[in-house]
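The hints should help you fit chain E onto chain W, whose structure is shown.
What follows is each chain in one-letter form.
2 protein chains.
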Amino acid sequence: MNSTCYQFELDLKHKKERIESHLKMRLEYADWPPQLRAAMQYSVLAGGKRLRPFLLLSVCEILGTDIACALDAACAVEFIHTFSLIHDDLPALDNDDYRRGVPTNHRVFGDALAILSGDALLAEAFVCLTYQSQLPLTVQLELVRVLALATGAHGMTAGQVLDIANIGTCSESQLLRLHQLKTGALIEAAAHMGALIGGASPSLVNAVRVYAQQLGLAFQIVDDVLDVESTQEEMGKTAGRDKLKGKTTYVDLFGVQGAHRQAEQCIKQACESLSLLGDRAVPLLVLAQSVLDRRR
Amino acid sequence: MNSTCYQFELDLKHKKERIESHLKMRLEYADWPPQLRAAMQYSVLAGGKRLRPFLLLSVCEILGTDIACALDAACAVEFIHTFSLIHDDLPALDNDDYRRGVPTNHRVFGDALAILSGDALLAEAFVCLTYQSQLPLTVQLELVRVLALATGAHGMTAGQVLDIANIGTCSESQLLRLHQLKTGALIEAAAHMGALIGGASPSLVNAVRVYAQQLGLAFQIVDDVLDVESTQEEMGKTAGRDKLKGKTTYVDLFGVQGAHRQAEQCIKQACESLSLLGDRAVPLLVLAQSVLDRRR
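Keeping their order, the protein sequence lines are chains W and E.
So the mapping is simple: my numbering equals the position in the first sequence, first residue as 1, plus 192.
So the mapping is simple: my numbering equals the position in the second sequence, first residue as 1, plus 192.
These are calculated hints, taken from the structure and not from any lab test.
Where hints are given, some of them may not hold.
[Unchecked claim] The calculated label-pair distances, taken between Cβ atoms and stated as ranges, are: (1) L418/E x R337/W: 38 to 46 Å; (2) E220/W x Q233/E: 33 to 41 Å; (3) K460/E x Q366/W: 58 to 66 Å; (4) G470/W x P328/E: 34 to 42 Å.
[Claimed, not checked] Partner residues are not named here, just some residues of chain E that face chain W (Cβ under 8 Å, in silico): (5) V300; (6) L333; (7) R337; (8) A340; (9) A345; (10) A350; (11) G360; (12) S363.
[Unchecked claim] If you want the footprint, here are the derived chain E segments under chain W, 3+ residues with CB under 8 Å: (13) 226-237; (14) 365-372; (15) 377-388.
These numbers were taken from a predicted model, which means no experiment stands behind them.
The beta-carbon is built from N, C-alpha and C at its ideal position, and this holds for glycine as well.
Excised from the complex, chain W in its bound form (with noise of 0.2 Å):
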């Protein structure tokens, strides 16, 4: 495959709609109290790029695997990112009305049934991973491991811990540290699960990881600098937020000119680091590109 042959645009618009209709699928239990089932339902099916579960999908592709066989990881893996999306938005958290251009959970469930429902969807991501039996048992367990790891105090919830006590001056590698944590963890295990479903070897594995960091890297910089720069409408949640709750961005640390240079560098180096796939990386290429255009 090589880069005039692979369309980007196509592919995004086919895996999503496998990805929806899996998720929409795995929502749909009649015995859910309803109330539960529609504030999940809400949450998840109100769009979004599916930049994680389309991740998973890519990586486990390129290695020659049948996305069917990923279905549920990519599920569990966007279950995991709407639930800290969730809990993210409520009052006692970052208090915020709008997520994806609409109302956000708990200003349309209240706080109680966003709070449920965040936790409803992390433990059906668990519940998820367990429907793979067409994957090795060594392989399901290792999915459940590297997703358990991403979500809790070793990774993004420890990075949202971080991001409320980011009030004030926060330096370099302390905001790194808390991207690495808050979007890095997920975005990284995402990528991980795709490899580890694909059968890779552990130099792959590695390759594709290192990926995913700079790629959830330069995601969280030109985030910051979309946050400054677009209206609410563009971003489709409220914008500027940052800045009026005094957390630290790229931008106060480089001024945007400078956030954009670094999210550039960073996706030079996730694209380095998959060298020894040669032409197959081609759609992981064209999706780190596409991170940085968001800016346009």
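For chain E alone, coordinates are given in the frame of chain W:
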């Protein structure tokens, strides 16, 4: 083994020590943000009956398996239980100030950290389940499945959703479903997991699950009675709150004496379900009796 030689209090003391030292060990990661680790440790190590992990270890042991094989599963169940208490106590849910005789997590660490430490415990439970490499892979995966189902929208979290909607009149069958989900699902999962680790036959797994369902129900009914009768000091949490909140309880439906008779009936059924275990069932029979004795 017969009931004259089994020393329940001594067994409980020994197992509690093993459980608590394991819980402590699993919460000591130097790289976790200190305030997150402190909030997790605060609630997990605040004492408590350790009913669920004790049940898990007891079931495992009467099947002839060394409880050392089951400590991580026991720890996982207790992490899930503690996460549910932390979130349940939040102002947006039950708004409780005391739990296990000390201020609730959010009263000490604030709502944000209480939400996040609950999330982290939920995720960490699944990390724990991947530390059990001495168990067959199929058992390890089945443990993930049983625990995830008991935790989320198929189990405990669904019960919490029904509980926050339990304002006004609630029928006996609605109350039964609420408690089967909110309290019963995790107690049943604990026994189920112990049986899986102990290598139980399907019929034995089933017997142990029926026992735990009835045990859980009795536990809840006794809790309702205690909530009416006890002072805050005896309960270690704010007493009489169910009444204040207008929640329907078993005492509302059957009166104190009627509720106690129901609890006795549940314990009778629990014990009968274990007939195929013969004398090996003694520790579980004594445990069941102890749930009734909480009343005095």
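Evaluation of the provided hints:
1. L418/E x R337/W: 38 to 46 Å: holds, 40 Å
2. E220/W x Q233/E: 33 to 41 Å: Holds: the Cβ-Cβ distance is about 39 Å, inside 33 to 41 Å.
3. K460/E x Q366/W: 58 to 66 Å: holds, 60 Å
4. G470/W x P328/E: 34 to 42 Å: holds, 39 Å
5. V300: At 14 Å from the nearest chain W Cβ, V300/E fails the 8 Å test, so the hint is violated.
6. L333: holds, 6 Å
7. R337: holds, 4 Å
8. A340: Check passed: Cβ of A340/E comes within 4 Å of chain W, closer than 8 Å.
9. A345: holds, 4 Å
10. A350: Status holds, d = 5 Å.
11. G360: At about 16 Å, which exceeds the 8 Å cut-off, the nearest Cβ of chain W leaves the hint on G360/E violated.
12. S363: Given a least distance of 16 Å, the restraint on S363/E is violated.
13. 226-237: The restraint on the segment 226-237 of chain E holds, since 4 of its residues have a Cβ under 8 Å from chain W and three suffice.
14. 365-372: n = 0 at 8 Å, threshold three: violated.
15. 377-388: It is violated: at least three residues are needed, and the segment 377-388 of chain E offers just 0 whose Cβ sits closer than 8 Å to chain W.
Consistency with the previously given hints fails for numbers 5, 11, 12, 14 and 15, ordered from lowest to highest.
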